[in-house]
Amino acid sequence: MSFSQWLRTNSQQYLLADAQQRIGRKNGVTVYGKPRSLKDRFWRYIFVPTYKILPDGLRRSLIHAMPGSHRQAWPKQSARPRPPHPFVRSNGQDRSPKK
Amino acid sequence: MKIVVVGGGAAGLGAAGAALGVDPSAEMVVYTQFEDVAYSPCGIPFVHGKEIESFDRLFLATKEQYQKQGIDVHYTTTVESIDVKRHVIKVAGEGEVRYDKLVLATGWNYRDPNLPGGDLKGIYRVKNIQRAREWDSFLDTVKSAVVVECGLIAVEMVTALVHRGIKVTVVDPGPWPMAEVVDPDIVDPVRAGWAEAGVTTLWGEQVTAFGGDGTLSYVETTAGRVEAQLAIIGTRKVPNSDLARAAGIALGGTGGIVVDARMQTSASDVFAAGDCTEIPHGVSGVPLQGLSGSHAYAQGKTAGINAAGGVREYDPVYVPWAMLAGEWMIGGVSFGETTASAVGMNYVSGVAKGITRARYYPGVKPITVKLLADPGTRCLIGAQIVGGEGVKERADFLAVAVRAGITIDDLATMENVYSPAIGALNEPIQMAALAVQQNMRR
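Those protein sequences? They're chains C and H, same order as listed. Following numbering that gives the first Met the number 0, the numbering of the first sequence begins with 0 at its first residue and continues without gaps. Following numbering that gives the first Met the number 0, the numbering of the second sequence begins with 0 at its first residue and continues without gaps.
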């Protein structure tokens, strides 16, 4: 297994487990899972919190730096945001989304 | 021109057919290690569950039809290696075979749980249709089964086994079914339906060994021993990219073959398509592997057209998906709350519960729609849906909405069909968008 595969496999597993714990708690689902090994502790208590505090731009740069299909030529995403809809409905009234 | 395709699934046959559409004079050879090509493995659980009467119904075409089309399929034939410099593959029993263009469509395998007793009889990986025929008669002898991890096909197998009167225990390290893709509130009706149907679920637990004397008779788990004559392996899909790796073709972090929008790999004149590849996600850019049959088919067509000298580009994916889970349909697009949180995406969500037809019309069913939007751009970035019907159509529509950069404000003011027999006055997508708008103001 290459380094990028090792990183992807573990980061995906532990970031998902962390998210499941948070979203589960929010929905009243008890999520079990005490750390079982030193590896578990590293990914849960060092990698995940570090990933979460990284600025969004840096996180994206790091993901982009990993080898993979995302670094090849792909059609560009349509412009975002699209021109905003003129009104947002609020308490039965339409008003500009910017206000 | 000689085009060789390795793999006879949706991607492989899609590539072969599309290539011949561009260049009918091309010599087209497909190698598959299996006895058949182009059937729907996703349909296998429904034959086991007796919703479909025969495995023959799952085939897209006969062997003669492929022959007539000019596709020379070599069945039960293994491609052993690729020499990308010499444009040659080595085929078991045939020796070296030259190609001008090569398409790799080698598909996927279940992640090997690598457990003691893994070679016992009674451990079933739902994938190959000929093996499925054999397993189908075996199912008549089974009283209790364990589902080892709850991937998408495994969820369908739970329903199939329940229909066959088999007692089912699901053992999954995740906290709820399909926890890698679905949010707990969305999958909750499925959990409740399984509980009603007598399915035992062990969430947060793992299978540690299979036991028995030559044949499976029990499964050891972290929650204790479970008697079972059958174990369904439902672990995650992993790419079957060994052939590419050995040939020096670049692989990505998922283990899938790296491709560009033309499905071109790192090797000259070699294309790849389907579950052996990885494709970037349209919103996050993170490469994904293990998509659906429709993705594999579309990628195959793209690879085939480009291999034959045509021009086609495949887009990053937003992954609309939907499936039957017990009495419910469940589906989604792009992100749910769990996956968005895992990646670290900022989002605001909103949920609406609605109905699928007019409230007085027979057969009306409940439906819940959850939408996620980027608070910065107000664009839709994901959705999850559970309901009695109408999930697939909403997932398809919302995938286009995410791809096009439709905002939550567009959806909150959308028009919708009202017709008592097929649609209610209030569209749950619009109601969920209103909920997102409200939550954005908080």
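Some hints could be false.
As the list claims (entries may be wrong) - Heads up, simulated DSSO-like pairs for lysine-lysine below, C-alpha to C-alpha not over 30 angstroms straight-line: (1) H:K236 to C:K51; (2) C:K51 to C:K38; (3) H:K142 to H:K166; (4) H:K1 to H:K89; (5) H:K166 to H:K1; (6) H:K120 to H:K142; (7) H:K120 to H:K1; (8) H:K236 to C:K75; (9) C:K75 to H:K391; (10) C:K75 to C:K38; (11) H:K166 to H:K126; (12) C:K25 to C:K38; (13) H:K352 to H:K391; (14) C:K33 to H:K236; (15) H:K49 to H:K126; (16) H:K67 to H:K1; (17) H:K49 to H:K89; (18) H:K120 to H:K84; (19) C:K25 to C:K51; (20) H:K120 to C:K38; (21) H:K1 to H:K62; (22) H:K142 to H:K126; (23) C:K25 to H:K84; (24) H:K142 to H:K49; (25) H:K236 to C:K25; (26) H:K352 to C:K25; (27) C:K25 to H:K364.
Stated by the list, open to error - Partial chain C-side listing against chain H, Cβ under 10 angstroms, derived: (28) L14; (29) Y44; (30) I45; (31) R79.
To be verified - Estimated spans, in silico, between C-beta atoms of each pair: (32) H:R311 to C:R94: 55 to 61 angstroms; (33) H:P115 to C:A64: 37 to 43 angstroms; (34) H:G92 to C:W5: 18 to 24 angstroms.
Just so you know, these hints were derived from the structure itself, not from any lab. As the structure is a prediction and not an experimental result, all values here were calculated from the model. Quick reminder that beta carbons are idealized off the backbone N, C-alpha and C, glycines included.
### Query
Which of the numbered hints above does this structure break?
5, 7, 10, 17, 18, 20, 23, 29, 30, 32, 34
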